[in-house]
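J.: What follows is each chain in one-letter form.
There are 2 protein chains.
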Amino acid sequence: MEWLTIGQVADRAGVATSALRFYETKGLIASERTDGNQRRYPRATLRRVALIRAGQEVGLSLGELAEALATLPHDKVPTKNDWERLSKSWRSRLDSQIAELVALRDELSDCIGCGCLSLKSCAIFNPGDVASDYGTGPRYLLGDSRDAVAAEV
Amino acid sequence: MEWLTIGQVADRAGVATSALRFYETKGLIASERTDGNQRRYPRATLRRVALIRAGQEVGLSLGELAEALATLPHDKVPTKNDWERLSKSWRSRLDSQIAELVALRDELSDCIGCGCLSLKSCAIFNPGDVASDYGTGPRYLLGDSRDAVAAEV
DNA sequence: TACCGACTTCAAGTTCAGTTGAACATCATC
DNA sequence: GATGATGTTCAACTGAACTTGAAGTCGGTA
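Chains as they are written, first to last, in the numbering used here: chain A, 102 to 254; chain B, 102 to 254.
Keep in mind that the hints were calculated from the coordinates and are not lab data. Some hints here could point you the wrong way.
Which copy? The list can't say, so a pair holds if one copy fits it or any two copies do.
[Claimed, not checked] Calculated lysine to aspartate or glutamate pairs in the EDC-like style (CA-CA distance at most 20 Å, straight line):
| id | residue 1 | residue 2 |
| --- | --- | --- |
| 1 | 189 | 168 |
| 2 | 189 | 207 |
| 3 | 177 | 133 |
| 4 | 177 | 136 |
| 5 | 181 | 207 |
| 6 | 127 | 158 |
| 7 | 181 | 168 |
Computed from a predicted model, the values in this text were never measured in an experiment.
Go ahead and model the full structure; you've got the sequences and the hints to work with.
T.: Quick look at the structure:
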């Protein structure tokens, strides 16, 4: 097994050493120690860190990632099955994220054309106003249907 | 001019009063005071708050929003031009956000099929390893081209 | 053997976007 | 005019994801 110092992992994975120590306290990665108490990481840690960064990109918190990574061996590159399992759930997460942003963009486009200033029907601009029954946050943007918040503004 | 109390704005805009006071300290919204030192917000504040929430949804920080909103009058609903200016820049921001996520998703799909375990060509899994020259962060994911980080893993 | 860069721990600090709590004032209603 | 909901300020806290600093150790080269 090839072992890497924390500095080597940091350089090659493109994260700070402090971040790696931090990940370790969170159980996202693991290391062995030398006689002199220095960390040595298995090479698979590089993939783990790449996975962490990719997961963050997808919007996962370190906590969620810790859970996902808990199912992977620390010292080996994940198997095809491991990878399929993770990437599939991330994919669907990405899909819904994309869908949300596309919806927001489309509303925005509608709005640009709609005059928007005094209109009751502007979706993106439709504030929580009048829709205060539905909880907190700008209702439409946070997932309620457009109809549910038809505005009086 | 119709004036709203902080509670009314909070209810109708769907945010906490503490958030409104916080926005005010950041210059995102503004109020007049009654003789008894209570805040009164112009009705246009509802739109401003909706704008803030929409902007956050698009990934803008309150700082960025403060900048954008600085160009709008506090006491009037923004003009069509104001709105067009903002929404167009947000739209392009959304466009690139979406493009990024779609790229990530596509890589993920490729990866699911590719076997991925020991392959040099897996984009999403291609760690910063070997690409340590390019700065910090997982290279490919953070914007470098796929070719630039062809891996040795 | 001396040196220096890379490493260690631990506590504290940072930024963002607010929330919470204490102690007090105001406003609308009975 | 008393009561209670709503408002005020200010300081401190939250949590996520790290970073920074201090004080000291390790490890490879001259």
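J.: Could you run down the list of hints and mark each one as holding or not?
T.: Hint by hint, here is what the structure shows:
1. In this assembly of identical chains, the alpha carbons of residue 189 and residue 168 lie at most 20 Å apart only when taken from the same copy (15 Å versus 39 Å across copies).
2. Only between protomers do residue 189 and residue 207 lie at most 20 Å apart by alpha-carbon distance; the minimum there is 12 Å, versus 27 Å within a single protomer.
3. Proximity of residue 177 to residue 133 under the C-alpha cut-off of 20 Å is restricted to the intra-copy arrangement: shortest distance 14 Å within a copy versus 63 Å between copies.
4. Taking CA atoms no more than 20 Å apart as the test, residue 177 paired with residue 136 passes in neither setting, with 23 Å inside one copy and 69 Å between copies.
5. Taking the shortest alpha-carbon separations for residue 181 and residue 207, only the inter-copy value of 18 Å comes in at or below 20 Å, while the best intra-copy value is 37 Å.
6. For the homomeric pair residue 127 and residue 158, the shortest alpha-carbon distance inside one copy (18 Å) is at most 20 Å, but the shortest distance between copies (28 Å) is not.
7. For the homomeric pair residue 181 and residue 168, the shortest alpha-carbon distance inside one copy (18 Å) is at most 20 Å, but the shortest distance between copies (47 Å) is not.
In terms of the numbered hints stated before, the structure departs from hint 4 and from no other.
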